[in-house]
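**Q** Sequence:
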Amino acid sequence: MDINTLRIIATVASFIVFIGIVVWAWSRRRDADFKEAANLPFEQD
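Numbering follows my numbering, in which position 41 of the sequence shown is assigned residue number 41; successive positions increment by one, without gaps.
Take these hints with a grain of salt, some might be off.
Computed list of lysine to any residue pairs in SDA-like fashion (alpha-carbon distance at most 25 Å, straight line) [claimed, not checked]:
(1) LYS35 - ILE8
(2) LYS35 - GLY20
(3) LYS35 - PHE18
(4) LYS35 - ILE19
(5) LYS35 - VAL22
(6) LYS35 - VAL23
(7) LYS35 - ALA25
(8) LYS35 - TRP24
(9) LYS35 - ILE21
Read the hints as simulated data drawn from the structure, not as lab findings. Here the structure is a predicted model, which means the values were calculated and not measured.
Work out the full structure, taking the sequences as your base and the hints as a guide.
**A** Put into structure tokens, the structure is as follows:
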């Protein structure tokens, strides 16, 4: 296994993690939590 193979594996793994984060962030189950978090700066103490 040479350095280029390790670079390819790291790139593919990073891409898979990125896609996983995008799917998690845009999932319908998280929508309510993100809307609540978006309104936090506007709430009064």
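**Q** Are any of the numbered hints broken by this structure? If so, which, sorted upward?
**A** Hint 1 is the one this structure does not satisfy, whereas the remaining hints hold.
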